[in-house]
Amino acid sequence: MRFAPELIAVIVGAVGLLAGLLWLRAKGKRTRNVGRPVSDGPANLRYSCAGCSQQFTHSRRTLAAWKRGDRRFYCNACHTKSRGSRRA
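Heads up: the sequence shown is residues 36 to 123, going by the numbering used here.
In case anyone wonders, no lab produced these hints; they're calculated from the structure.
Take these hints with a grain of salt, some might be off.
As the list claims (entries may be wrong) - Ranges of calculated distance between the beta carbons of each label pair, as one might list FRET restraints:
| no. | residue 1 | residue 2 | range |
| --- | --- | --- | --- |
| 1 | 121 | 83 | 16 to 24 Å |
| 2 | 111 | 78 | 20 to 28 Å |
| 3 | 62 | 40 | 26 to 34 Å |
| 4 | 76 | 121 | 25 to 33 Å |
| 5 | 81 | 119 | 21 to 29 Å |
| 6 | 98 | 38 | 53 to 61 Å |
| 7 | 119 | 80 | 23 to 31 Å |
| 8 | 60 | 98 | 23 to 31 Å |
| 9 | 94 | 56 | 37 to 45 Å |
| 10 | 107 | 47 | 54 to 62 Å |
| 11 | 42 | 92 | 54 to 62 Å |
| 12 | 61 | 90 | 32 to 40 Å |
| 13 | 57 | 99 | 31 to 39 Å |
| 14 | 53 | 76 | 28 to 36 Å |
All residues carry an ideal CB built from backbone N, CA and C; glycine is no exception.
Model the full structure from these sequences, guided by the hints.
Written as structure tokens, this is what we have:
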């Protein structure tokens with residue numbers, strides 16, 4: 036059975052295109068959930084407050100603190116309390 040050179044070229048091109056698409060997909064950014072890019076934030080979405088030791092979900096404020104390099108987080112109540120004591 037002989038194949039035409041055009042058919043062989045199409046098959047090689049299709050295999051190359053498929054390999055390229057698979058390579059680009061593997062190289063792309065990983066996501067936690069479909070369509071959501073991985074953030075530079077902490078691995079766990081919850082943290083223990085350094086003031087009262089209760090568990091809380093990260094907020095914009097605590098995520099911004101994470102990006103600045105802080106690793107001790109305070110809940111909103113403890114944060115407000117400490118800010119009030121610093122002003123006095």
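Would you pick out the hints that fail for this structure and give their numbers low to high? Going through the list in order, the structure violates no hint and respects every one.
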